[in-house]
Amino acid sequence: MWEQDFGAWEDTPFSDLPDLGPLSAADLAGHRPPQGESFLDVYERVTPALQELAADGGKVAIVAHAGVIRAALGLALGHAAQGLAFQIAPLSLTSLIALPGGVWSISGVNRMRR
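Counted the way this note's numbering counts, the sequence shown spans residues 5 to 118.
Calculated from the structure, these hints are not laboratory results. Be a bit skeptical, because a hint or two may be false.
[To be verified] Here are the computed distance ranges between Cβ atoms for each label pair:
1) D15 - Q91: 18 to 28 Å
2) Q39 - G105: 36 to 46 Å
3) A53 - W13: 19 to 29 Å
4) Q91 - G34: 15 to 25 Å
5) A89 - A12: 20 to 30 Å
Note that the coordinates shown come from a computational prediction; the quantities given were computed from them, not determined experimentally. C-beta atoms are modelled at their ideal positions from N, C-alpha and C, and glycine is treated no differently.
The task is simple: from the sequences and hints, build the whole structure.
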């Protein structure tokens, strides 16, 4: 599961990116950088993969960047843009449980080994 493609913005310092002004979570989720993909694109790419893994049953470990983790959290919350509310710490563990009927439970976010 690849991270979001930021297109022309890839490797650009944050200070050099255009100021988009205040955006709602839904607007931010739908914003697509030039030649890149939006967070909604990531969500729509990640969701079927997670649902397929859940249908197979058993435990699965996925190593992913923050955007993919936020997309998974959006799936669990039932609304893609809600996943953007999370700050994902580097090297942290986020745990989701797939329940019957396509329901998801978030059992942990940003867990760190101490």
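Going through the hints against the structure:
no.: 1; hint: D15 - Q91: 18 to 28 Å; result: holds, 22 Å
no.: 2; hint: Q39 - G105: 36 to 46 Å; result: holds, 38 Å
no.: 3; hint: A53 - W13: 19 to 29 Å; result: holds, 24 Å
no.: 4; hint: Q91 - G34: 15 to 25 Å; result: holds, 20 Å
no.: 5; hint: A89 - A12: 20 to 30 Å; result: holds, 26 Å
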